[in-house]
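Novice: Spelled out, the chains give:
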Amino acid sequence: MFTHYLDLSWRSFKRTPLVSILMVLAIAIGIGVTMTSLSVYHMMSMDPIPSKSQQLFHPQLKTMDEGINWWTSNDMPTQLTYQDAVNLQKAEVPAKKSISMRSGFSVHLGDGSIKPFMSQARFINADFFSMFQLEFVFGDSWSLAQEHNATPVLVIDSQLNDKLFAGTNSVGKQLYLDDKAFLIVGVIKQWTTHIKYYDLNNGAFNETENIYMPFPLVEANQYENWGNTNGWKHESIRTFEEKIRSEHVWLQFWVELPTRDAKKDYGEFLLAYMQEQQKIGRFNRKELDFALHNVTEWMEFNNVVSEDNKVMVALSFMFLAVCLANILGLLLAKFLRRAPEIGVRRALGASKTQVFYQHLVEVSLLGLFGGLLGILVAQLGLWGVRITRDYYENLATMDITMLLAAPAIAIVACLVAGLYPAWLVCRTNPAVYLKSQ
Amino acid sequence: MLTMNNIGKIYQTEMVQTHALRDFNLQVNEGEFIAVTGPSGSGKTTFLNIAGMLEPFSTGQYLLDGVDVGKLNDNQRADLRNQKIGFIFQGFNLIPDLNLYENVEVPLRYRGIKASERKRRIEQCLEQVGLASRAKHLPQQLSGGQQQRVAIARALAGEPRFLLADEPTGNLDSLMARQVMELLEQINRDGATIVMVTHDAELARRAPRNIQVVDGKLADFTLYQGAPTANAHVLEGV
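Protein sequence lines correspond, in order, to chains L and W. Sequence positions in the first sequence follow our numbering and run 1 to 437. Sequence positions in the second sequence follow our numbering and run 1 to 238.
By construction, these hints were calculated from the structure, which means they are not laboratory data. Predicted model only: the values in this text are computed from it and were never measured. Don't be surprised by glycine CBs; every beta carbon is placed ideally from N, CA and C. Errors might be hidden in some of the hints.
The calculated DSSO-like cross-link candidates involving lysine-lysine, where the alpha carbons are at most 27 angstroms apart (straight line), are [stated by the list, open to error]:
#: 1; chain 1: L; residue 1: K279; chain 2: L; residue 2: K243
#: 2; chain 1: L; residue 1: K310; chain 2: W; residue 2: K71
#: 3; chain 1: L; residue 1: K163; chain 2: L; residue 2: K173
#: 4; chain 1: L; residue 1: K352; chain 2: W; residue 2: K119
#: 5; chain 1: L; residue 1: K173; chain 2: L; residue 2: K115
#: 6; chain 1: L; residue 1: K62; chain 2: L; residue 2: K279
#: 7; chain 1: L; residue 1: K279; chain 2: L; residue 2: K264
#: 8; chain 1: L; residue 1: K62; chain 2: L; residue 2: K233
#: 9; chain 1: L; residue 1: K14; chain 2: W; residue 2: K119
#: 10; chain 1: W; residue 1: K217; chain 2: W; residue 2: K71
#: 11; chain 1: L; residue 1: K189; chain 2: L; residue 2: K173
#: 12; chain 1: W; residue 1: K217; chain 2: L; residue 2: K352
#: 13; chain 1: L; residue 1: K52; chain 2: L; residue 2: K264
#: 14; chain 1: L; residue 1: K189; chain 2: L; residue 2: K52
#: 15; chain 1: W; residue 1: K136; chain 2: L; residue 2: K14
Label-pair ranges, simulated between beta-carbon atoms [to be verified]:
#: 16; chain 1: L; residue 1: F2; chain 2: W; residue 2: Y11; range: 21 to 29 angstroms
#: 17; chain 1: W; residue 1: D74; chain 2: L; residue 2: F2; range: 18 to 26 angstroms
#: 18; chain 1: W; residue 1: L72; chain 2: L; residue 2: S45; range: 46 to 54 angstroms
#: 19; chain 1: W; residue 1: G70; chain 2: L; residue 2: V416; range: 52 to 60 angstroms
#: 20; chain 1: L; residue 1: T3; chain 2: W; residue 2: Q186; range: 32 to 40 angstroms
#: 21; chain 1: W; residue 1: E127; chain 2: L; residue 2: L6; range: 55 to 63 angstroms
#: 22; chain 1: L; residue 1: R337; chain 2: W; residue 2: L72; range: 38 to 46 angstroms
#: 23; chain 1: W; residue 1: M15; chain 2: L; residue 2: R337; range: 52 to 60 angstroms
Covered stretches of chain W, going by a simulated chain L footprint (3 or more residues, C-beta under 8 angstroms) [as the list claims (entries may be wrong)]:
#: 24; stretch: 56 to 67
#: 25; stretch: 106 to 113
Just need the whole structure built from these sequences, with the hints factored in.
Specialist: Below you can see the structure in the form of structure tokens.
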């Protein structure tokens, strides 16, 4: 019967083309607006690294003295001090861990062949590549010895490699950052993540860096960070030495804890670490505290999806509801006009359920058409969003989930709008119309 | 075949209570052809709607082929209607968007009959009413008489044992009315039980058994001609 109902629905569509097109347009506009905001919300809130998001953790340590508060919801800084980051990196546990710090340089090849340009760089430890599943196109990461010795080596991404070396294997070639030469040891595939979850201090939706360098180079060359540095007490940080010995927080730190036990063990380790630090006059507080957030928790903690976005999604659904109210009125008129035919069908053996089902199939078909057209409207809306800010480039898009969700939401919405008209028409008394036709 | 015991039907509005049928008793046997007459507003159509399970009754008991209709839910009534009853209306009530083939197909669709069997029955019924060659035509391309013949074909397609006809010749000229009547008589001879509401006294006289409805009650019956002996009896008119 379903195909028969589809056939009847299509005939009904053709019988009243103007009303049907009006309804499809109303659904399409409602769905288009809804899907535009929902797609942005979806991309902002989706898990950026599903296979490891529950294994990668960002620790927080309550470094402040007793009586000092931080402005975060858990009263802890979101970054670590240099001392803590380096100590935790040197610790035996866990197996994989990495400090992370953003910086940037003027990039050139030292031979005048290209005009120098600014590029962002990230100082990390070698584990970072495997922890965040960065794929090498050429070469590999630097060795542990190179890292310990602060050897001037680096890894670039394919975007920079394309720009500087036309996509050829650049491993072994030199790259100048400001006035220093560095040896390229690897080229990774460009890191395309729509959320910069590994460093939420510098814009959650900014582009990833093009250059990756061993973290020990920071101290060796006294590189400054391109990001936030926060403190909780007055300290002089006029020199680099003062800064790395201070209680200022300016480094991100990630650990990979594959199991629940590993997380528990690491928590105990952090407590023990803070107790040790108390012996040298740090962590002056009665109760030591720390936090371990995995990737999704970290995004939530840092309000990656702002309240504004949630309000926008809610408003767009309200707009869809207004469109549905209009559709409901049109459906009522359309269905009740057909009451005489329904009377005949009832007399010929159709049950109320069958009549109801037939009309729900019809509204579903309208929803499908509206949903498909709504995808086009949403594409227009997303294009409009993309041209407002650069960082929307990766966010204002519809992935396969949203493409499938559009007709599904449209069909469900139309079913909701069509329930009352369908119920009303299936309850009409056939006898009234049979005599009067 | 059909038994109505003390059927009552009351239409209730805020101001008025109207008794459309009261203490209505009727027994219709297999193979009968009954004409129901009566003045306008007497309750003929209400009786027909209740007989066809298109309207619920207020009081009494209605048995169709031994099934107590009052105890059925809507889906069961729809099934029973689809299986046992064929309708023929004064206004033909063909669905304008469907061609003749598709119109006749409607009751068969609801019965869930397979496409090949539907095709066989539709072609047979359209053949029976002499419209097989016009199966792809739309109703508005036919004359009134032809449309009524399509409606009869549609009523016959489900092979019902019970045909309910409400003024089947009311919208037709005398020639077409006679043709339709002859068709109904043929269908009755083939075994179907027919109850026909009509205003036309001449048509009513052609039916073997007449009943008259006045003020919602069964008032009278007359056996005019050649009724089967099995039918030449009965009627508890009030």
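Novice: Among all the numbered hints in the text so far, which are the ones the structure does not match?
Specialist: Violated: hints 2, 12, 16, 19, 21, 22, 23, 24.
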